[in-house]
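Colleague: As a plain string of letters, each chain reads:
2 protein chains.
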Amino acid sequence: MNNLDRTIKTIAPLDQKAMEQARARQDTLTKPQGSLGRLEELSVQLAGIQGSPIPRIEHKAIITMAADHGVVAQGVALFPQEVTAQMVANFINGGAGINVLARHIGARVVVVDIGVATEVRSHPELVSRRVGPGTRDMSAGPAMTIEEAARAVETGIELVSAEVAKGLDIVGTGDMGIGNTTASSAICAVMTGRRAGEVTGRGTGIGEQQLAHKASVIERALAANRPDASRPLEVLARVGGFEIGGLAGVMLGAAANRVPVVIDGFISGAAALIAAGLAPQVKDYMIAAHVSAESAHCHMLSHLGLKPLLDMGMRLGEGTGAALGIFLAEAAAKILAEMATFAEAGVSDKDKEGN
Amino acid sequence: MNNLDRTIKTIAPLDQKAMEQARARQDTLTKPQGSLGRLEELSVQLAGIQGSPIPRIEHKAIITMAADHGVVAQGVALFPQEVTAQMVANFINGGAGINVLARHIGARVVVVDIGVATEVRSHPELVSRRVGPGTRDMSAGPAMTIEEAARAVETGIELVSAEVAKGLDIVGTGDMGIGNTTASSAICAVMTGRRAGEVTGRGTGIGEQQLAHKASVIERALAANRPDASRPLEVLARVGGFEIGGLAGVMLGAAANRVPVVIDGFISGAAALIAAGLAPQVKDYMIAAHVSAESAHCHMLSHLGLKPLLDMGMRLGEGTGAALGIFLAEAAAKILAEMATFAEAGVSDKDKEGN
Numbered sequence: 020m021n022n023l024d025r026t027i028k029t030i031a032p033l034d035q036k037a038m039e040q041a042r043a044r045q046d047t048l049t050k051p052q053g054s055l056g057r058l059e060e061l062s063v064q065l066a067g068i069q070g071s072p073i074p075r076i077e078h079k080a081i082i083t084m085a086a087d088h089g090v091v092a093q094g095v096a097l098f099p100q101e102v103t104a105q106m107v108a109n110f111i112n113g114g115a116g117i118n119v120l121a122r123h124i125g126a127r128v129v130v131v132d133i134g135v136a137t138e139v140r141s142h143p144e145l146v147s148r149r150v151g152p153g154t155r156d157m158s159a160g161p162a163m164t165i166e167e168a169a170r171a172v173e174t175g176i177e178l179v180s181a182e183v184a185k186g187l188d189i190v191g192t193g194d195m196g197i198g199n200t201t202a203s204s205a206i207c208a209v210m211t212g213r214r215a216g217e218v219t220g221r222g223t224g225i226g227e228q229q230l231a232h233k234a235s236v237i238e239r240a241l242a243a244n245r246p247d248a249s250r251p252l253e254v255l256a257r258v259g260g261f262e263i264g265g266l267a268g269v270m271l272g273a274a275a276n277r278v279p280v281v282i283d284g285f286i287s288g289a290a291a292l293i294a295a296g297l298a299p300q301v302k303d304y305m306i307a308a309h310v311s312a313e314s315a316h317c318h319m320l321s322h323l324g325l326k327p328l329l330d331m332g333m334r335l336g337e338g339t340g341a342a343l344g345i346f347l348a349e350a351a352a353k354i355l356a357e358m359a360t361f362a363e364a365g366v367s368d369k370d371k372e373g374n
Numbered sequence: 020m021n022n023l024d025r026t027i028k029t030i031a032p033l034d035q036k037a038m039e040q041a042r043a044r045q046d047t048l049t050k051p052q053g054s055l056g057r058l059e060e061l062s063v064q065l066a067g068i069q070g071s072p073i074p075r076i077e078h079k080a081i082i083t084m085a086a087d088h089g090v091v092a093q094g095v096a097l098f099p100q101e102v103t104a105q106m107v108a109n110f111i112n113g114g115a116g117i118n119v120l121a122r123h124i125g126a127r128v129v130v131v132d133i134g135v136a137t138e139v140r141s142h143p144e145l146v147s148r149r150v151g152p153g154t155r156d157m158s159a160g161p162a163m164t165i166e167e168a169a170r171a172v173e174t175g176i177e178l179v180s181a182e183v184a185k186g187l188d189i190v191g192t193g194d195m196g197i198g199n200t201t202a203s204s205a206i207c208a209v210m211t212g213r214r215a216g217e218v219t220g221r222g223t224g225i226g227e228q229q230l231a232h233k234a235s236v237i238e239r240a241l242a243a244n245r246p247d248a249s250r251p252l253e254v255l256a257r258v259g260g261f262e263i264g265g266l267a268g269v270m271l272g273a274a275a276n277r278v279p280v281v282i283d284g285f286i287s288g289a290a291a292l293i294a295a296g297l298a299p300q301v302k303d304y305m306i307a308a309h310v311s312a313e314s315a316h317c318h319m320l321s322h323l324g325l326k327p328l329l330d331m332g333m334r335l336g337e338g339t340g341a342a343l344g345i346f347l348a349e350a351a352a353k354i355l356a357e358m359a360t361f362a363e364a365g366v367s368d369k370d371k372e373g374n
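Chains as they are written, first to last, in the working numbering: chain A, 20 to 374; chain B, 20 to 374.
Hint data in this document are derived by calculation from the structure and do not stem from the laboratory. Everything numeric in this text was worked out from a predicted model, so none of it was measured. One should not assume that every hint holds.
Coverage of chain A stretches by chain B, computed from C-beta distances (three or more under 8 Å per stretch; other residues unrestricted) [to be verified]: (1) 50 to 61; (2) 100 to 109; (3) 119 to 131; (4) 324 to 330; (5) 333 to 347; (6) 350 to 358; (7) 362 to 369.
Pulled a few chain A residues facing chain B out of the computed Cβ check, cut under 10 Å [claimed, not checked]: (8) A43; (9) G212; (10) G216.
Every residue gets a Cβ at the ideal spot worked out from N, C-alpha and C, and that includes glycine.
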């Protein structure tokens, strides 16, 4: 069995006993029952994932994967392709949005070149795991071979497993890749059964005319490739991207290791659709950090059955939304672990006569 | 002139120049313009408040004020009154929700007894500034005298000023007081012009029958006191609470000192209505952390023109929502201060030809 199949088979259901214990403990803490809302729900999910009634979040990482997209030849993006490599350098130098927010939450950033087209200077902190020099133009045929698609996903599995070996209690997903909202929209169309026009958004900020053009390019890609939602790896190969496959692998690998995975925005959402297509049970391990300003992200989340924690009008990617989500997950875990119970604090529980 | 009037006169408009500089800097940072959404808006507001193009958030405090409410004699609350004092002890011992979240964000908690009814053991970390032993029952007449109302507000001003002297870049508001959603609903009714039934919520979790009873008690209080929205201090005196007045003072004092103030949930919202009634310009200094699960909180926020950052179904109070809001404000400030510009990072800005 290959690593992908093995990983999928390893993903177990959440630990119901730990979840019940966490829920029961929440109800003994010095607050009205349910009064911390989603923080309480989140703590119960974390308990089920980690298989512990009092889940702990100490070691945090965001895995940010960068790759290029042949479809930029069709003029779908606002920024030139060399920006992907330039931003990888920016990640390594600590100057990007994700670096700032990762420092803020005390998470490490794992920067991965999984297929950038232009030259990226090697650096001890850059993980170079290139599947190819960017994908091919999906508007004319498959973006990658099925072997490359499998390699991208397995790369994600291997990388998250390596992080687990270093210590990892929660992981966030992040992306960089000029043109990758085009690929993600195509995946969204296939996996949620929507038309190209419904799932195409403004990406980094294109205008009205370019938006219509982008939708028509996606339509052409879907017509040229005829991807089938029931074969998620094929969908990835035909209209996906290396970083999207890699992030799907991170999600599967995290779940197989009982590590909660915090999903960032639109590109991570596309990866989540592929991951959930391959292994539906992975959804239980996912936490949707936020709903992106990229218009079709909400369709991805509702298809996945995920309710975002935040709605901040963000659409940067890189893992920036995931960083904020990790902070909230850590808050949830600390509430469950650190709050005093009614008995410990000598606080009267609610008057049963309803006074 | 008394301290309250002096404070109100001191509150200046936001620094437009600093806001323009912050906005201009955001557009040079290595991300598509506007792609960090509300974090960008927040950074600009912080610049205007602090009067600095690159605002800093280092010293953080949450001021949690506790007081009791005579109206609990009418059976409006689920928990017995002694819980207010018990929870103050819990705050001092570090076991409450606010302690956990304040530690998580690196903020100090200032715990204030501004009028708890039952005995609170003195402690070096407890700030005892009692206006009275809880308010009187507002369903039969004024909750407090106009002098007590002024004293509560001035206490808040003095306490936040003392924190400013220790170093304070942002402050959050928090409350504790059995019965205080009843007073806050009454204030909401008066200040937003709604009927008691529209603004009465479940508080710590009362049932259907008790909810109707609570609304009828609020109706009686409004009929007995006839508070006039154009006289906010009188509204506070007739149907408010000591902690609500104190928190209104914290908001006014923070604004007078150019310190951003993060508004927690329903009780802080009532305080914000009083503060904004006294000095409309204070609203520019407010950041709404979240919209509470307490149903009428959204009416308060829309009346104040505030858009909440979070919607997590929380309704604990204590400043727990404010703590999460402070984290987001700090994230916003760090993005503006720490991200590299396109020029610094050698990243190509968007292709002006729209390629």
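Colleague: State for each hint whether it applies.
Modeller: Evaluated hints:
1. Counting residues of the segment 50 to 61 of chain A whose C-beta lies closer than 8 Å to any C-beta of chain B gives 9; at least three are required, and the coverage claim holds.
2. Counting residues of the segment 100 to 109 of chain A whose beta carbon lies closer than 8 Å to any beta carbon of chain B gives 6, which reaches the threshold of three, so the coverage claim holds.
3. Coverage of the segment 119 to 131 of chain A by chain B holds in this model, with 4 residues showing a Cβ closer than 8 Å to a Cβ of that chain against a need of three.
4. Three residues within the 8 Å Cβ limit are the bar, and the segment 324 to 330 of chain A against chain B gives 3, so the coverage statement holds.
5. With 7 residues having a beta carbon nearer than 8 Å to a beta carbon of chain B, the segment 333 to 347 of chain A meets the requirement of three or more and the stated coverage holds.
6. With a threshold of 8 Å between beta carbons, the proposed coverage of the segment 350 to 358 of chain A by chain B holds, since 5 of its residues qualify and at least three are required.
7. Coverage of the segment 362 to 369 of chain A by chain B holds [criterion: at least 3 residues with CB-CB distance below 8 Å; count 7].
8. Contact between A43 of chain A and chain B, as hinted, is not supported at the beta carbon level, the nearest pair being about 17 Å apart and thus beyond 10 Å.
9. With a cut of 10 Å, the hint placing G212 of chain A at the interface with chain B is violated, because the nearest CB-to-CB distance is about 28 Å.
10. Taking 10 Å as the C-beta cut-off, the interface hint given for G216 of chain A is violated, the closest approach to chain B being about 20 Å.
Figure legend: structure checked against the earlier numbered hints; hints not met, in rising order: 8, 9 and 10.
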